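Chain order of the listed sequences is D and E. Take my numbering: the last position of the first sequence gets the number 412, and nothing is skipped along the way. Take my numbering: the last position of the second sequence gets the number 412, and nothing is skipped along the way.
Don't read these hints as lab results, they were simulated from the structure. Mixed in with the good hints there might be a few duds.
No distinction is drawn between identical chains; accordingly, a pair holds when it is met within one copy or between any pair of copies.
Quick list of in silico lysine-lysine cross-link-like pairs, DSS-like style, CA-CA up to 27 angstroms [unchecked claim]: (1) Lys94 <-> Lys376; (2) Lys94 <-> Lys145; (3) Lys293 <-> Lys376; (4) Lys333 <-> Lys183; (5) Lys94 <-> Lys26; (6) Lys333 <-> Lys293; (7) Lys26 <-> Lys376.
What you are looking at is a predicted structure, and each value in this text was computed from that prediction instead of being measured.
2 protein chains.
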Amino acid sequence: MSETAKPKAVILIADGMADRPVEALKGRTPLEAAKTPHMDRLAAEGECGQMDPIAPGVRAGSDTSHLAILGYDPHTYYTGRGPFEAAGIGLEIKGGDICFRCNFSTVDENMVVTDRRAGRISSGTDKLAAALNGMTIDDVTCYFKESVEHRAALVLRGPGLGHEVSDADPHAEGVKVHLAQGKDAASAKAAGVVNEFVKRSYAILKDNPVNLERIKQGRPAANIVLPRGAGVAPHLEAFQARYGFSGAAVVETGLIAGIARYLAMDIPSVAGATGGYDTDEIAIAQAIVNSLKDHDFVLCNYKACDLAGHDGDAMKKVECVEKMDRLVGELMKHLPIPTHLAITADHSTPVSFKDHTGDTVPILIWGPATRPDGVKSFGERPCAAGSLGRIRGQWLMTLLTNLMGTQEKYGA
Amino acid sequence: MSETAKPKAVILIADGMADRPVEALKGRTPLEAAKTPHMDRLAAEGECGQMDPIAPGVRAGSDTSHLAILGYDPHTYYTGRGPFEAAGIGLEIKGGDICFRCNFSTVDENMVVTDRRAGRISSGTDKLAAALNGMTIDDVTCYFKESVEHRAALVLRGPGLGHEVSDADPHAEGVKVHLAQGKDAASAKAAGVVNEFVKRSYAILKDNPVNLERIKQGRPAANIVLPRGAGVAPHLEAFQARYGFSGAAVVETGLIAGIARYLAMDIPSVAGATGGYDTDEIAIAQAIVNSLKDHDFVLCNYKACDLAGHDGDAMKKVECVEKMDRLVGELMKHLPIPTHLAITADHSTPVSFKDHTGDTVPILIWGPATRPDGVKSFGERPCAAGSLGRIRGQWLMTLLTNLMGTQEKYGA
Chain D
1 MSETAKPKAV ILIADGMADR PVEALKGRTP LEAAKTPHMD RLAAEGECGQ
51 MDPIAPGVRA GSDTSHLAIL GYDPHTYYTG RGPFEAAGIG LEIKGGDICF
101 RCNFSTVDEN MVVTDRRAGR ISSGTDKLAA ALNGMTIDDV TCYFKESVEH
151 RAALVLRGPG LGHEVSDADP HAEGVKVHLA QGKDAASAKA AGVVNEFVKR
201 SYAILKDNPV NLERIKQGRP AANIVLPRGA GVAPHLEAFQ ARYGFSGAAV
251 VETGLIAGIA RYLAMDIPSV AGATGGYDTD EIAIAQAIVN SLKDHDFVLC
301 NYKACDLAGH DGDAMKKVEC VEKMDRLVGE LMKHLPIPTH LAITADHSTP
351 VSFKDHTGDT VPILIWGPAT RPDGVKSFGE RPCAAGSLGR IRGQWLMTLL
401 TNLMGTQEKY GA
Chain E
1 MSETAKPKAV ILIADGMADR PVEALKGRTP LEAAKTPHMD RLAAEGECGQ
51 MDPIAPGVRA GSDTSHLAIL GYDPHTYYTG RGPFEAAGIG LEIKGGDICF
101 RCNFSTVDEN MVVTDRRAGR ISSGTDKLAA ALNGMTIDDV TCYFKESVEH
151 RAALVLRGPG LGHEVSDADP HAEGVKVHLA QGKDAASAKA AGVVNEFVKR
201 SYAILKDNPV NLERIKQGRP AANIVLPRGA GVAPHLEAFQ ARYGFSGAAV
251 VETGLIAGIA RYLAMDIPSV AGATGGYDTD EIAIAQAIVN SLKDHDFVLC
301 NYKACDLAGH DGDAMKKVEC VEKMDRLVGE LMKHLPIPTH LAITADHSTP
351 VSFKDHTGDT VPILIWGPAT RPDGVKSFGE RPCAAGSLGR IRGQWLMTLL
401 TNLMGTQEKY GA
């Protein structure tokens with residue numbers, strides 16, 4: 001550990017780590033069955049409890065849970081994943097922007113969709129997107145960026161735009177591209193921009209060298225962009241403005257990166273952080289330590305446990321938990337002091353259910369201002385006996401800023 | 001103990017008593033380290049838990065916390081300390097009153113401030129205040145009272161007054177008194193009254209015998225009153241109207257007395273209750289017993305623990321806690337039955353932090369209707385294992401009126 005003047009905090013989220021008892025693990029959860037000496041030590045030295053990421057029993061998504069854990073009530077701010085996905089692939093999003101998920105698709109000369117996914121195109125979409133990005137239509141600017149395979153995102157920014165806009169994507173092949181419609185005047189303006197964007201995308205893309213090459217190879221051209229799923233970007237106060245200190249996010253998925261980018265947090269790229277089973281947990285720990293050099297707060301999301309939950313593989317999940325524990329061990333070697341550290345999950349992904357559930361997740365908070373409570377190991381049931389009691393995700397930042405000593409007093 | 005027909009309740013608040021582990025106390029908190037046989041017995045016979053005075057992690061002031069504990073949500077009712085301070089020095093405040101903190105100051109003939117604190121005048125301000133109190137300006141009555149040293153409070157009561165009023169106090173010396181300005185029509189009316197009050201205060205005070213004597217002694221005359229920090233008094237339902245029984249407050253500080261007065265609770269004066277380390281805890285206990293003769297509810301605030309926390313003195317805090325336990329012991333000798341008793345703190349004031357923190361506070365509720373839960377001693381961590389779980393301050397009166405059996409049923 002190294003000395004630092006400023007109080008710092010880290011929230012370490014093992015995505016989907018919490019679980020239910022597994023018969024093959026003798027009735028233990030993967031977390032309870034795994035060997036986790038580092039997390040057990042922190043549990044013994046800190047305060048433990050259980051957390052409802054959103055509210056008791058609510059099945060949280062990773063996006064809604066991370067928003068709550070960062071102190072932004074999703075019931076107020078969450079209108080869908082669209083704006084965060086767009087932010088996640090690298091678009092700068094502002095409150096009020098109208099965001100669409102898009103496909104690169106293939107149409108014939110009559111605007112009939114022949115392949116909604118343009119043959120699941122897997123390369124060259126960056127060049128196609130660059131040819132469309134920044135287009136202006138009347139007083140609206142269109143930001144456009146490719147995501148994985150045939151997927152992309154479109155963001156409209158300009159005055160007087162609504163988001164009650166129907167899809168241009170007909171969601172079927174053999175039918176013509178739909179004309180987007182707006183429910184009200186502001187949405188009609190946005191629909192008009194979408195329709196013009198779709199029309200121009202065809203004009204611009206059909207003869208793009210990427211597509212000429214595909215046609216030569218006998219593959220469907222990605223000759224049009226079809227937006228769907230309109231959503232308006234919420235107005236979220238930036239992390240630093242809300243808390244008075246800077247934050248970084250060491251994360252492995254686009255969606256969580258999108259939330260962090262949305263809050264204007266810094267997002268270091270971490271070589272070896274794959275978001276898969278093979279991710280480099282040591283590199284992730286080092287990225288956290290590195291980020292703490294010029295930030296007072298780091299959010300980390302380690303993804304692998306969730307994959308094992310979705311795969312229904314209890315043994316694999318035990319391995320992923322033990323990998324998480326090695327991440328913690330590496331982090332503790334280099335953590336500056338005074339730092340308060342919270343370790344938890346964003347939701348349960350039980351191997352028996354293969355999807356998110358609304359069970360509580362275990363949480364520990366470690367650091368100099370805590371009151372150690374006698375819990376000796378980190379697990380769903382040991383933590384339920386801890387002194388934090390049963391808390392909600394949206395309280396976590398308040399609990400941490402209290403321990404950090406950075407919070408304003410409410411009253412005299 | 002003596003028999004009485006009516007169910008009664010007492011909330012005993014040891015101001016700032018809760019704390020964090022202290023190394024010099026072998027990792028115990030002052031409360032855990034102190035010898036508290038009386039509170040330990042009540043913990044063993046009652047229900048224990050931990051309480052967030054406001055909400056998890058929120059750093060409560062004494063004022064916001066006491067409001068919450070008495071069942072008045074500060075997020076709804078608290079607009080600043082001004083109205084409660086004014087009430088605390090003995091002014092009767094009504095909802096809608098416009099309240100100001102004031103200084104007695106010194107100005108020259110050109111209205112230039114030469115001493116903002118009138119030489120920290122320490123006597124005679126009661127006579128000066130009496131010369132101004134009750135003044136009417138148009139249809140507005142001005143209530144004015146001295147506080148400690150050069151401080152005072154001004155309350156404007158009348159129709160159509162707003163509180164968006166800038167300060168007459170220029171917050172600097174060598175500059176002229178400011179003309180208060182109002183942001184809207186109602187506030188402009190209040191600002192006009194303030195300016196006239198300031199003008200008249202000079203006319204009335206400059207030749208007051210207190211000032212003539214000061215001038216003779218070569219000290220700055222307290223020849224003007226400069227209001228600042230306008231705030232509107234919230235409309236708070238009186239304690240008795242809300243709960244259906246009468247309440248008294250045995251308290252040691254002006255701010256808490258102000259809250260009690262605001263709620264029209266009776267406030268007995270207690271000889272020996274100094275609000276300091278030397279306070280007479282036996283006298284306080286006897287005042288509670290006395291108040292229970294003609295009230296069904298008593299709130300008590302014992303201040304000393306908070307002082308030791310602010311002073312960062314762990315050993316002193318242990319002593320203050322043990323003094324609190326003697327208060328409880330004396331109280332239990334004479335408590336009428338059936339009475340339910342809650343013992344808690346309004347916030348933590350850790351000796352390591354020397355200010356309020358947002359940590360939970362321990363709470364015990366003792367009385368015939370409780371379910372004893374096996375907790376054997378009164379302390380932060382023993383209580384965290386109790387059956388009350390983690391509750392909020394604003395739920396306490398509802399819990400007590402339930403135990404008292406005085407609460408209306410909600411539903412059929």
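Practice item. Just pull the numbers of the violated hints for me, sorted ascending. Key: 1, 3, 4, 5
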